[in-house]
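Q: Protein chains in written order, with the UniProt record's numbering: chain A, 1 to 410; chain B, 1 to 410; chain C, 1 to 410.
Bear in mind the hints are in silico, worked out from the structure with no lab data behind them.
Yeah, the Cβ is synthetic: ideal placement off N, Cα and C, and Gly gets one too.
Accuracy of the hints is not assured; some may be wrong.
Covered stretches of chain B (chain A as the covering partner; in silico rule of three or more C-beta atoms under 8 Å from a C-beta of chain A) [to be verified]:
# : region
1 : 59-67
2 : 185-196
3 : 203-212
4 : 340-352
Beyond 10 Å from chain B on every Cβ pair, some chain A residues (computed) [said to hold, decoys possible]:
#  : residue
5  : Glu14
6  : Phe46
7  : Arg79
8  : Leu83
9  : Ala189
10 : Gly288
11 : Gly326
12 : Pro386
13 : Arg401
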Amino acid sequence: MAGRAVHEVLAELELVDHHCHGVVTAPLDRPGFEALLTEGDAWPGFSTFDTPVGVAVRRHCAPLLDLAPHAPADAYLARRAALGPREVNGRFLRAARTGVFCVDTGFAPHPVTTPAELAAAAAAPAVAREAMRPEGVPPEGVRPEAAIPQEAVRRGAVAYEVVRLEAVAEAVAARGVDADGYADAFRAAALDAVRRPGVVAVKSVAAYRTGFDLDPARPPDADVTRAARRWLADGGRLADPVLTRHLLWTAVDLGLPLQLHTGFGDNDIRLHRVDPTHLTDWLHLTAGTIPVLLLHCWPYQRQAAYLAAVFEQVYLDVGLTLHHVGPVRARAVLEEALEITPFRKLLYSSDAYGVSEFYWLGALAFRRGLGDLLQDRVDAGELDLPDALRLARRAGADNARRVYRLPDGH
Amino acid sequence: MAGRAVHEVLAELELVDHHCHGVVTAPLDRPGFEALLTEGDAWPGFSTFDTPVGVAVRRHCAPLLDLAPHAPADAYLARRAALGPREVNGRFLRAARTGVFCVDTGFAPHPVTTPAELAAAAAAPAVAREAMRPEGVPPEGVRPEAAIPQEAVRRGAVAYEVVRLEAVAEAVAARGVDADGYADAFRAAALDAVRRPGVVAVKSVAAYRTGFDLDPARPPDADVTRAARRWLADGGRLADPVLTRHLLWTAVDLGLPLQLHTGFGDNDIRLHRVDPTHLTDWLHLTAGTIPVLLLHCWPYQRQAAYLAAVFEQVYLDVGLTLHHVGPVRARAVLEEALEITPFRKLLYSSDAYGVSEFYWLGALAFRRGLGDLLQDRVDAGELDLPDALRLARRAGADNARRVYRLPDGH
Amino acid sequence: MAGRAVHEVLAELELVDHHCHGVVTAPLDRPGFEALLTEGDAWPGFSTFDTPVGVAVRRHCAPLLDLAPHAPADAYLARRAALGPREVNGRFLRAARTGVFCVDTGFAPHPVTTPAELAAAAAAPAVAREAMRPEGVPPEGVRPEAAIPQEAVRRGAVAYEVVRLEAVAEAVAARGVDADGYADAFRAAALDAVRRPGVVAVKSVAAYRTGFDLDPARPPDADVTRAARRWLADGGRLADPVLTRHLLWTAVDLGLPLQLHTGFGDNDIRLHRVDPTHLTDWLHLTAGTIPVLLLHCWPYQRQAAYLAAVFEQVYLDVGLTLHHVGPVRARAVLEEALEITPFRKLLYSSDAYGVSEFYWLGALAFRRGLGDLLQDRVDAGELDLPDALRLARRAGADNARRVYRLPDGH
């Protein structure tokens, strides 16, 4: 008889979502919502509900808005609008049962929640009310320096920050710097950024800018200056290969765990150039320094698993993928991701951005996919139940706590 | 209890096979039949029946020839010979219940059916008899210009044509052209070809000639002339990278949907160079122009799905793969292909060539694989039945009708 | 009702393990054992038992050491130590029911069994005792030249040797040779090596040294000399692309089957450069010469299958992968490997090295994975039982016997 023990443990477990973004706080009309459903664009004549993630939203999100499963898109959006963003976001974020969010604050084309606001919305209602007090205004009787910090420790949910290094570099350029001073200015700005309270990691979107087929060596100063001169003259996003290498090596110097987008994303990606195994030489050169967390990975989850199996510093998740493939395929992707991955090396992330549905869908797909995978192995006698429960807790929370050195309570 | 509704709808649905070839019309001896079973060659000491597709033929084709499932290869071939090609081809083509064939007429190392003959063979017997009337001889009382056109609209089955651009270019070279005139001559010939009645798309086999790791930009005229000079002097197939780019950009100018072979094929392919994500830069440059249909895709079905999810103009199928992996694995391949593919973007094709068994096996593998996938999701409450039925109809027919602007009746 | 016939045939079948290594003969402490469990290293704070293969060891190996399934790692290692290496190795090797080992003798960082010792340990106890007689001391009444040869034909298990060509080349360099003489000296040494009794194949680890993105042509003598000059001056492993090409072409000249490591391995690999489809041009150039056996392949098992389907000389296995993914995922990997692979082209190997657990786990995962795959197809009416049994015997033994021209008895 099929057991439920693994599912029960996962249902209770407060997840550590080690990589996500903010939620849009304003109401979303249909075009706005549909645009956020896809890594593509909203195309005339195509509804983005006509996708695996759209089906998952109608199936698994509608009931949280008091609708029947599979509610039509129109009804779904009407109900969503009627409830309003605060109520909708609260319902999905609380349902996700995420205890810790590590929030990449460097991507926010829309006005979105701060990390503290995200954690507040995810907390239980009573807690959330308290949390809604504006940042910087300490509760009575609390001295200012003890006021709720960036990491916003609250009953039920905590948020930490992940600093996106490309955003730091681009801010340095925007403030004005000459090419000779770029390397120092970027390093100083990055150090400032990571010293803010609540920062637990840095992130790079090198995948979007150059891909990983880069010279792995730390670039000489003269090369960095020359490349900076070109970039500062031309403007635009940081997408120069030398400056990208310099950014990755600066991450090594910072000493915090580095999150790397790999695999699936929007059409800025050249997918074949973001297979993480292109990082192998760089991983050799940086062995013994910082943890490297491969995000998303699909369709290269086996390649990412290989790296996690042979490099001490490498970890992976299948975030973003989980809600896009939906609960019906999350298990299949996790099965591949776990074929050879050491059990300390798999983490959970939603990589949710914009719509709160994705925090819930990511968490649901992860809990169900991993739960089914582990419980079936237990039922078949292939895995001991205590081992399965430990593996579930590790993947869902403990591995991230260890990598990011999060306090035990949270 | 497992439902059957999706299977029933798919069983009734007249498929649009948006990419296939002709059927050999002459009798086939054992070496001839075995050679057509494989993308390899017939090797001494190996029977090509000793393959997944060979097992599928014996299992699923033998009964249509009045034999027991799993009939031995010798018995199968003897019965096939006894019935004769017209009867055999008619049985398999009718069993496939394909309503529309889009036929690539540019590959025919054997004498094969014309598109009209293919459609005729696939029609119900009474219809087929009428259709067997020679082309160009109108039925009594019908004026010549209303005679059955290339697209051969008939009760039960219709055929359209897909123009293979490499064949057009090679015919231009064979007719004689100088390098300066090549670009204009190729364009004129391609325009002539696509203006023939019943032509709905063009196709390129760039995958076989150069792979997709090409400069994505439209090549300057001078480069085309220089490359044409080399090619016209050296002879042989069109396999020059500049001329291949020129061909792909000519396809853009023609304005019809472009079918691209990707992934699995014979050993002319360098598989790692036909991962369709190598087309990303070209897809950016040609966005907003023509639909691009990625054919076959295996083992890159997830990569193709990514492109379909992030580029408005990209569609995919898993043709050729379906009969080679057989009904036992078609679902697994479709599951991967559908992980993130928008439901408007999956099409059906058999990519059958030569033996009529493949039209039947492709259709069977598609109907069963997609039917099982969708029905299981319905049974599990993950997908609403009306959505499942719509998805089945779209993938099996409606998506192709839309892309190729086929008339509704057919 | 699910049948068992395929499993029964596979359980009885004496496997041909066409690629494996020796077993460590000395006792192993915990660090030593844990280091051998992984393709990575033993990392502080991580136990390599915390991996899929570690779970498989505790589940499927513990019972052979008289422990309960899922015995804790400490208990497992204590029992292993108490029994001693000879007893432990004997239990696992006999349980594997391997009739023939083809042993790559070129990788042995630890003192390991010779091929003959491996075969002896795998034989039934009475046979093993006889086999333990020192090499070179013929049993009474047997003339010396009839003494047990390298291939050590014994009741129950036989070992053949696979010559690793990089080891031959490096031995030539170590003995001292000048650059001009390198090509001849390497060829002579390779010929000597393959003429030893019991040698059935050669192997290259080009995957580890350069990857497969090589100029496929046989390098001109002058290039070889120049490259040899550099290498002989610089020392180190043979990792020069020209010398690697020369080595692969020397393998063609030797005329024996060539085993090629592809895909998964330790972190010396750049995984994206060992996708075997990079060998396509070389396979065209060498068609009609030697059989080429693609080892391991994961995660490129579909790519390897493609090559096996379109090149007469190509074969594959999923060794190494089988024990690392364990019995719970072996079927999934085999399903992909078999999607289009002709049934003559799949072989079994364990690629076991060091710990005897891997010979047993590889054999178990293969038998169970292939057995489940085939039996389910038989039960579903998709495959005829006699065909399934033939396919099982071929993959488990007959295909290897044919490629390596092994005598029928063994």
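Q: Against each hint, give a clear statement of whether it holds in the structure.
A: Going down the list of hints, with the structure as the test:
1. 59-67: Not satisfied, violated; 0 residues make the cut.
2. 185-196: violated (count 0)
3. 203-212: Not satisfied, violated; 0 residues make the cut.
4. 340-352: Holds, because 5 residues of the region 340-352 of chain B bring their Cβ atoms closer than 8 Å to Cβ atoms of chain A.
5. Glu14: Holds, since 26 Å exceeds 10 Å.
6. Phe46: About 6 Å separates A:Phe46 from the closest Cβ of chain B, which leaves it inside 10 Å; violated.
7. Arg79: holds (17 Å)
8. Leu83: Since the minimum Cβ distance to chain B is about 22 Å, A:Leu83 lies beyond 10 Å and the statement holds.
9. Ala189: Per Cβ check, A:Ala189 is outside 10 Å of chain B; nearest 32 Å; holds.
10. Gly288: With a cut-off of 10 Å, A:Gly288 remains clear of chain B, as the shortest Cβ separation is near 32 Å.
11. Gly326: violated (8 Å)
12. Pro386: holds (29 Å)
13. Arg401: holds (30 Å)
Of the numbered hints given earlier, the model fails hints 1, 2, 3, 6 and 11; all others are met.
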